[in-house]
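*Asks:* As a plain string of letters, each chain reads:
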Amino acid sequence: METLVYIALFSPFVGSLFAGLLFGNSPRKMFTGWVASALIFVTFVSSVTLAYHVATVGAIHVQMMDWISAGDLSIPFGFVIDQISVTMMVVVSLVSTIVHIYATGYMDHDKSYNRFFAYLSAFVFAMMILIMSDNFAGLFIGWEGVGVCSWLLVGFWYHKADRPFEENPSISPSWAANEAFIMNRVADLGMLVGIFLIYWNIGSLQYDVVFDAMPHLADGILVSIAIALFIGAMGKSAQFPLHTWLTDAMEGPTPVSALIHAATMVTAGVFLVIRANPLYSLEAVHGVSMFIASLGTFVAFYAATMALIARDIKRIVALSTLSQLGYMFAAAGLGAYWIALFHLAAHAFFKALLFLGAGNVMHAMDDELDIFKMGGLKNAMRGSYIYMGIASFALAGLPIMAGFYSKDAIIETAFNEGTYIIWGMLVITAGMTAFYSFRQVFFSFHGEKRYEALGFHPHDMYKYVLIAMAPLAALAISFGWFMGYYKDFIYGLNETVQYEMSHTTHHWAWLLGSIVIALALTGIFLAWKKYAGEGENAWKRDEKFEASFIYKLLENQYYVPKFYDQFIVQPYTIASAKFWEFDKKTVDGTVDDLGKACLNIGDTSRGMQNGNLSSYLNWMGVGAMIIVIIAVISSVIG
Amino acid sequence: MDTILSILIFFPAIAGFVGFGITKGSAKIYGIAVATIELILALLLWMQFDTSNAGMQFTEKVALIADFGISYNVGVDGISLFIVVMAALITLLGIILLRPDTKNMKNMIISLLFLEMTMVGVFLTLDAIIFYLFWELSLVPMLYIVGAWGGKDRVYAAVKFFLYTFAGSLVMLVGLLAMAYLYHQANGVWSFSILDWYTLPLTEDQQFWLFLAFFAGFAIKVPMFPFHTWLPWAHGQAPTIGSVILAAVLLKMGTYGFVRFSLPILPDASVTFIPLIMALSLIMVIYTAMIAFAQKDMKQVIAYSSVSHMGIIMLGVFAMNAEGLGGSVFLMLSHGIVSGALFMLVGVIYERTGTKLMSEFGGLAAVMPIYATVFGLMLMASVGLPLTIGFVGEFLVLLGFYKISAIGTILAGSTIIIGSVYMLALFKKSFFGPVRHEKNLALKDLDKRELTALIPLVLIVVWLGVYPKPILGPIDNSAKHILTQMEAKAINPATKETIILSKKEAE
Amino acid sequence: MLEIGVNHYLILSGILFSIGFMGVLRRKNLLMLFFATEVMLNAVNIAFAAIGNYYGDLSGQMFAFFVIAVAASEVAVGLGLLIVLYKKYGSLDLDVISSMKG
Amino acid sequence: MYETIAFYTFAISTTILFLITVMSKNVLYAMTALASGMVMISGFFFLLGADFLGVVQLIVYVGAVMALYGFAMMFFDATRDIKEKHQNPALVFLLGGLMALMFVVIFSAPIIGDNVQALYPIVEGVGNAQAVGMVLFTKYLVPFEVAALMLLVAMIAGIILAGKKMDYSLTTSEAADEEINVEEKLQADIEREKGEA
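Chains as they are written, first to last, in my numbering: chain S, 2 to 639; chain A, 219 to 725; chain C, 71 to 172; chain F, 4 to 200.
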């Protein structure tokens, strides 16, 4: 089994090296994409085998070698394959495989095709390290690794020029990449502090040691650790207020958005909280957990409001990702870790599908992102239409679909915990989710064919690509059916991960479910009514609404990016320039002034050397006097 | 094998003298050959080095002025070993990277070889006077390199560099002499041997003043805020090779001095001064990183980033535990490698375009992909990405310093944020976006000469990032050794409490 | 006051020395400078002799002898130089002979 | 008692004479005052029991040195008053006065000499000249001979310096001379041409 662990871990790395080192600088070679995809598929197969092993035999723990050892610190490259990590492994490798295959079609005209696969596989490798590591430092390696890959991939089309914020809220791919990286680093600092706290209080960074020791620590320390780690999670999972990078990261190629910014990397924060469930389920950190749940709920709602009016097809999906991450955090914060993880997996499938579908639309529309310019694409792109529909149904949480089970469970959890505000907001958000996701579907696939006037000739994606997407569609529909099995599977991990609804909740479950479904259906119906019409019922721009305050507020993302620009970026830039000025003028100036003072003293006293013996004698006399006076004084004193 | 250290020190100098007789055309080859032999010798030393022994090895001692206890005394431990190896490596790669059409190539090579002698000498010597001798001698070849091959303000920069560091080291000399005097008072014999000094008990008052004296010499060399302003000038005007060696090795002399002198000789004062050092280092870390962000010149960005990173190293030196101290020594190495490489890379583009202004570039990633890749990797190492060499040291330093001050660590940790801010801004401005100038489209990617110099650094960056153990092990041993000495020597119980030998013991 | 002790001699010597010193400071003519130095030398001689007398030691006188010898040679060489200078510049005024302006 | 009177007489006269030497504008007055001052000084030596020293003072200073000065002055224009520019006379007097004050202050304090041992004590019952001779030719023989040599050298130097031709510069080479004193050189040339004409 150990070999299998290493195969699962390193085959993406091999793929990355293959594409990067051998062909990184050579012209486009289709087979690099296929080799990379095949190697990711190997990972998938290994992961599934490992999952079976975990389910039947139990967790695997391997240590490869020592990494850092200094003082008492000893960090190995160790990997643990248990219920949590293997779930993630399967999800990540499955989505990655499909995205890889998808990308061979999506990127086939890009001249940096080979480079793309090098980055994409490297990302999978980093993600695998993140998931599989058995200690916090290893997690941090993956954490930063995915950050860099995200930087590389968001900035993949680095040659694009900057545009002003008003024209393009994410300015340029390279700008968005930097923003994502730096914002993540802010959170990483929090995580580092958490690691330091753990080390100095426990003396190890191994999960098992740390979690065993946790209950014996003082409350204050536990709370600090919990907060610090969660700050790290907030960055990666783009929770408020570190969320702006996620929508901007949509500058990257669509497969990247699907893989990194929907299915895998952004869920790393949720993964961390789930991974640290023995910590977050402690009584001492209950406040922190509640905060996580509340923040998650808030973000779910907050992102959904922005998605209601967004025009950019990818931004809508990104905002819905943000919103769903909020759901996951809500569940994790409320203690329903396995439900959070289940929703994470379900979300990965339908969101990746949604993104890839959006990618198809973009591809068909020559990279046009504005849904106002689309419409009536359903005939031209039947396959994508079906996929997008399935994904949206899943996202909206309609019965049978994966989203129904997982999301409903989260909402039920909120009810079960008695946190009715959270429950209420999550329910409302569920309705909004249905509305905006179908708004997008109807906008792009139904209604008038607005694109014709603009001269587009849409065509659907390659057949094989569409076929490759089928597993995702299948899982988007059916994943929820396996919820019971999954529960049995993950209950084998430990006690804190287990979560059961109370009897009352069970009793009212049908009603809760109905409310959610009713709201979702209302949302879909509203969207249909407003956007799907043709002819005279067709949607028209509502200038008055677009001029209203609420629209402006939402369109500008609650002015948060503006705020960051005005109150962080610009002051920082100005302060930097001022500091530089200060450094040159004052700090360096003082040094120069000292030098100049010496020079001036020399220059002035040069007058003494006037060549006149008499004045020399005078100076000598003064000197002699001084010496005599000193002699007298010192004899008097001492 | 017993005299390998002396050979290491004096071989480049002798070769330098011989170099006067070499013809102009073969000067570079000669330089490469000598530097290669020196590197092989250094590696040989590493092979022979007993990693389990934390103390001094390969010691040699020849009395020079017996009456005053001045002797030629050399030795190597885990801390100096790798700095010496790095100095030899960086010198070799620097010489390889020299343009074949450098003017006065012969003089350049000879200067470099003498510089190598002084660098190796500083790190290997165990006698304060000899240490001071090499310390000051190292200024001279650097003065020539900056002053003769530099940019248009080279004379100003060279003189500033020389006078500034010289002024500081004179104060340090007073400290060294005072130290010897105190030793004489206590034991009746003169000794300038650092190892003897380690055993000399000093009152807190004496330690306080001696620390200040040493501080003047070392802090300017590091360079600590507010004594750092010579560095941007020196880097701005120095030729590539000068910047590379300056950043990679010469700055490390300052921090090495703190490790070798201040800590073990003056343990109580070192602890007393932690707040001051912390304040200055934090200013260095944050303030200079912000200045780096404001720069328009690529080289200046890296120059200021050097100051910022040296701040982290300083924090590690004063973390008073093996994690921090070992980490800071490792960070010295990694910073040497990474900043050396970055300066080389800036030199590469400067050779091609004649400018270092970021506004002149843009879109270089498309024109020079290999260059951009190497640059990107070094950049990531510089911002401390895990699995590159930069992370290990930075992580350990911050981890170690957390025990001293949590707030200080969080502030210092902001380096991972603001460090990436200026580095990514640099990368975006020069490598991303559309190609701004037509003429940049014709730029050539790295050629063989440049790749030969850079590939080893790339490999080291990755290798030591993934598997730092061969180097971290001996460093850790010696760091613990130093801390043990400090704890044994400390007279103030508060000092003993601050120094943490082992966490288990502390609990 | 009436009893003349060594202090009296020393004070006198000091005053005479100061007179010579003042002359050295004040005079611009080289010849007059020589005179002033002679005054100073003599003042010192008095001090030597007085101290020697006070301690009953001959060393003081010995030093005075050598001072006289030195003064004599100084005058011999110095005057020779003065003559040369006078031939060259036609003056002995230091304001005229100031060629070492830095 | 007579010692007191003598001391004060000599003291006052030397002070006045030397002041004249230092302040006088006329070289001749100054020299005369100096010579007289020297004589008065020898008086102190006699008072202090250093008879031999007093005689030497008279012979060497008043006789030899003053004669030398006298001869030297023949080369210079001694009749004219010396014109001197005094840039800051106040400073000079201040310094001189301060110096004197210091010495007075210093020497007013009683001298403590208990621990001083006479190295070459004055032998009782022997005349001063003999005693001096005994010390000078035993303990101070080498310095004495060196002093003699020095005097010889000084004599030769004096003769050479004073005896060379008038238009020949001894101390500086012609080239350096030109650089330093172009103007004087020019003037000298003009004068020489005039003389030749």
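Just so you know, the hints here were simulated from the structure itself, not pulled from any lab data.
Positions of the beta carbon are idealized from the N, C-alpha and C atoms, including for glycine.
A portion of the hints provided could be inaccurate.
Taking CB as the label site, the calculated pair distances span [stated by the list, open to error]:
#1 S:VAL623 to F:SER16: 28 to 36 Å
#2 F:PHE96 to S:ALA632: 15 to 23 Å
#3 A:SER224 to S:SER70: 30 to 38 Å
#4 A:GLY369 to S:VAL629: 49 to 57 Å
#5 S:MET66 to A:MET265: 51 to 59 Å
#6 S:LYS112 to A:GLY369: 36 to 44 Å
#7 S:LEU22 to A:THR254: 51 to 59 Å
List time: in silico EDC-like cross-link candidates among lysine to aspartate or glutamate, alpha-carbon distance up to 20 Å [as the list claims (entries may be wrong)]:
#8 S:LYS585 to S:ASP604
#9 A:LYS714 to S:ASP73
#10 S:LYS161 to A:GLU578
#11 A:LYS621 to S:ASP220
#12 F:LYS88 to C:ASP165
#13 S:LYS450 to S:ASP566
#14 S:LYS586 to A:GLU578
#15 F:LYS28 to C:ASP165
#16 S:LYS531 to S:GLU544
*Asks:* Now tell me if each hint is right for this structure.
*Replies:* Each hint, compared with the structure:
S:VAL623 and F:SER16 have their C-beta atoms about 31 Å apart, which keeps the hinted 28 to 36 Å range intact. At about 22 Å, the beta-carbon gap between F:PHE96 and S:ALA632 stays in the expected band of 15 to 23 Å. In this structure, A:SER224 and S:SER70 meet the distance hint of 30 to 38 Å, their C-beta atoms being roughly 33 Å apart. Here the CB-CB span from A:GLY369 to S:VAL629 is close to 53 Å, well matched to the stated 49 to 57 Å.
Our hint of 51 to 59 Å for S:MET66 and A:MET265 is violated, since their Cβ atoms are close to 22 Å apart. About 38 Å separates the C-beta atoms of S:LYS112 and A:GLY369, a value consistent with the hinted range of 36 to 44 Å. Checked against the given bound of 51 to 59 Å, the beta carbons of S:LEU22 and A:THR254, roughly 27 Å apart, lie outside it. Pair hint S:LYS585 plus S:ASP604 does not hold up; C-alpha atoms about 25 Å apart against a cutoff of 20 Å.
Using a Cα cut-off of 20 Å, the hinted pair A:LYS714 and S:ASP73 holds, with the two alpha carbons roughly 18 Å apart. For the suggested pair S:LYS161 and A:GLU578, the alpha carbons sit about 17 Å apart, so the restraint of at most 20 Å is met. Our distance criterion of 20 Å between C-alpha atoms is met by A:LYS621 and S:ASP220, whose separation comes to about 19 Å. Among the hinted pairs, F:LYS88 with C:ASP165 is consistent with the structure: their alpha-carbon atoms are about 8 Å apart, no more than 20 Å.
Between S:LYS450 and S:ASP566 the alpha-carbon distance is near 38 Å, which puts this suggested pair outside the 20 Å criterion. The straight-line distance between the Cα atoms of S:LYS586 and A:GLU578 is roughly 26 Å, outside the 20 Å bound, and the hint therefore fails. Under the criterion of a C-alpha separation no larger than 20 Å, the hint pairing F:LYS28 with C:ASP165 is consistent with the structure, at around 16 Å. A distance of roughly 15 Å separates the Cα atoms of S:LYS531 and S:GLU544; the hinted pair therefore holds under the 20 Å criterion.
Hint compliance for this structure: hints 5, 7, 8, 13 and 14 are broken, all remaining hints hold.
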